[in-house]
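**Q** For the protein sequence lines, the chains are A and B, in the order given.
Just so you know, the numbering used here puts 205 at position 205 of the first sequence, and the rest follows in order with no gaps.
Just so you know, the numbering used here puts 161 at position 161 of the second sequence, and the rest follows in order with no gaps.
To be clear, the hints were calculated from the coordinates, so they are not data collected in a lab.
In this text, a Cβ means the ideal position worked out from N, Cα and C, and glycines have one as well.
One or more hints might be untrue.
For the chain A half of the interface with chain B, some residues (derived, Cβ under 7 Å), not all of them [stated by the list, open to error]:
no.	residue
1	Ala-159
2	Met-170
3	Thr-171
4	Val-181
5	Arg-232
Listed below, chain by chain, are the residues.
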Amino acid sequence: MNRTRSDNLLRTARFVAVLLLFAIPVVYLGIQRNYGVLQFAQLALDGLRGGAIYALIAMGFVMVFNVTGIINFAQGAFVMLGGMLTVTFYQMESSLPDRLHLIASAVLAVIITTLIGILIERLTIYPARKSSTLTLIIITVGVYIAMQGLGLLVWGAKAYVFPAFTTLAMTDHVFRWFGLVIKAQSFWIWGSMILVLVLLAYFFERTLLGKAMRACSVNRHGARLVGIGAERMSLLAFGMAAAVGAIGGIVVSPILRPSYDMGLSLGLKGFVAAILGGLVSTPGAVLGGLLLGFLENVAAGVTKAGMKDIYAFILLILTLLFRPQGLLGVGKTAVESSSEDQG
Amino acid sequence: MYRKLNTVFVFVTILAVLLAACGGAPQATTVAPPEQAETTAPEETEPVVLEPTDTQAPEPTEAPTEVATEAVDAQGGETYKIGFAPAITGPGSSLGAPEHATGQLIAEQLNEQGGIVGPDDVRHPVEIVIYDTETNPDVAVSVVRRMIEEDNVQVVVAGTTTGISMAIVPIVTEAEVPYISMASSAAIVMDPDTGETRTWAFKTAQDNFASAQWQAQYLTDLGLTQVCHLSENSGYGADTLAQAENAFGEAGIEIVYSDSFEREGTEFPQVINVQTSGCQAVVVGAIPPASSNISIALRDALPDIPIVHGHGTCNQEHIDLMGEAVAEGMVSPCGKVMVSETLPDDDPQKDVLLQYVADYTEFTGEPVNTFGGHGWDALMLAVNALGSLTGDLSLDEQRAAVRDYLENEVTDWPGISGVYNLSPDDHFSLGFDSLTFVKVEGGKWVFYPPDQWE
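Next comes chain A alone, as it looks inside the complex (with noise of 0.2 Å):
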């Protein structure tokens, strides 16, 4: 008893003087750049908007993991297709209202993505499913490099418009509340991460499927053993991994300009936050993104902002070394029991 309350003690007393560690020099820098309350608000508030969309990103990540053990690193071309699809079904002729024809093509995006996604997953990662881990992850690089090379096929190099949702315009409506920017596309990036964050917390709790799906990433022979087939969990995860990648993108074009290569930056973030939530935890994967967003931005803000790309991989290795089970997680890391479980 004694012990566990030292312990818990020693946890906080670490917790604060990493948190002491990070924010005396941001405080310190920033007021050498006369920034006020203001400007470090506006750092985080930017910082959060980017989060949310390595939040959505990495609950991809974390999906698949949970259910086959391998990192996706195809996700990134989930978020792509989202959005390239979404942009091409835009620009068709269509006598629709605008606002109509931009959800029906969002709609049709995120499906035609999943089905890609559940096409891949029979296509590359089934027939290799006795290979190890490694393999698999291999494949999946693979799967992106070639998505990437075919979205080039098809879209050319060039970037495109994506108007945003509240306008329908290229020029978003931007509020601007005590001195705060926020651009509308904002809320809808943080409003889906959220729509998306309880949609998949009530269909892992509460339907069947999803407990399945659960059981598998707690063990996958014992869910087979109980009879939950490991490979239709697995088909599963990637389309589900797709459809919130393509969502991920959708909502993220209109304050970027998509084109053929966005998934590589965007999902390589998102790996990041999800290896920062732990790997194996949706919420854990939304905290992590959010987190991601939060310091990399503010750290960039008070530094060089050239190198914020940099504080994003800084914060993986760091990750890594130190707390490699995730801010949330306990005990034995994802990676290791991954590793595990092939052995």
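Knowing the structure of chain A, use the given hints to seat chain B on it.
**A** Chain B alone, transformed into the frame defined by chain A:
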């Protein structure tokens, strides 16, 4: 414990591989370009050898018409080859695509003419061998090597962006092949450390210094002395900052905050620094789509601050990607091709500009931009140089002769980017005068000369 470390290393290695690709450009088709080029280049560029009867075809300007029509060798002379590698895909593609289109246009025109007639009165077909650098230095180096060693080209025209061109320079220098770049940095043709002209390298896009001089003049005219500089994280972006520091310093303009940004960025913390640094205008050194993305972020936070771009934005894509409303009023130094109709009649470039604008818009169906012009200049310089070759030269001698022609024989030659006067000391020769100033009005670039500045 060991297993854990192992797994960590696997992830970090995979990440490193992906990042390496991320740094340069998409690696989607790293292996593909040779194959791709093999299948596409011949059909795009296959020279049509002129039938001896077809003497009605317009003759190239290099040789007197009467001589050419009579003396053309029925067999046709040796085929000359130009290796042409713009950035057709990747981050530089908004610049490379019009260069590519211009290359196809010139190839078509050369086909119609049946090639060029040299001083030996022999008609030589010209083949433009097209590759894609993918805006990736590794790919660029490998396709240039391929051109030199396997295609045996006489001259290399490649490099849409500064970074790519700088990767190609050592290859052509070592192989002793004349090279014409379509990118901007002065370092392509002159070693910045020693100040020596690079023997084999030429270029056709204006220096960023000339661009920065225009920006400085504009800012001075507006009475602005404290500016921010944001540059894309690329060779071009870094050079715009270096040249702005030079040119702005001379004009007494202080850069109070400078930073770089990523093309794929979704958030730009740079904008907050621009706000707190209290600068009066923002100078951006980027090409579309990066230039458009940062402009939108700046306009959201600072609706009134003047935004000045560099000459990397002189195309319609720059405006289209940010939308008319955001682009309105943004200014940029650009080549004269953007405003060729408004030039005075005695401008030495006017004829060639109008002809190019007509040809380009007919060929592509798109509005003209300066980058296709850089491609036109580079390719036409190469074609002219090939037209000067006499017979019975080995490939190495031909390459040396092309280089000598470019260095010594190009005098008062009106191109699209300006009037060239190349010399051993200057492998580019265009300066401040070759640029003009333009502004976005109603979603289009319009002429914005100094007397209209306010």
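**Q** Hey, does the Arg-232 of chain A contact hint survive, CB to chain B under 7 Å?
**A** violated, 27 Å
**Q** How about Ala-159 of chain A: closest beta carbon in chain B under 7 Å, or not?
**A** holds, 4 Å
**Q** Can you verify the interface hint for Thr-171 of chain A: is its Cβ closer than 7 Å to any Cβ in chain B?
**A** holds, 5 Å
**Q** Using the nearest Cβ pair, does Val-181 of chain A come within less than 7 Å of chain B?
**A** At 5 Å from the nearest chain B Cβ, Val-181 of chain A passes the 7 Å test, so the hint holds.
**Q** Once the shortest beta carbon distance from Met-170 of chain A to chain B is found, is it less than 7 Å?
**A** Since chain B brings a Cβ to about 3 Å from Met-170 of chain A, closer than 7 Å, the hint holds.
The structure fails to meet hint 5 from the earlier list, while all remaining hints are met.
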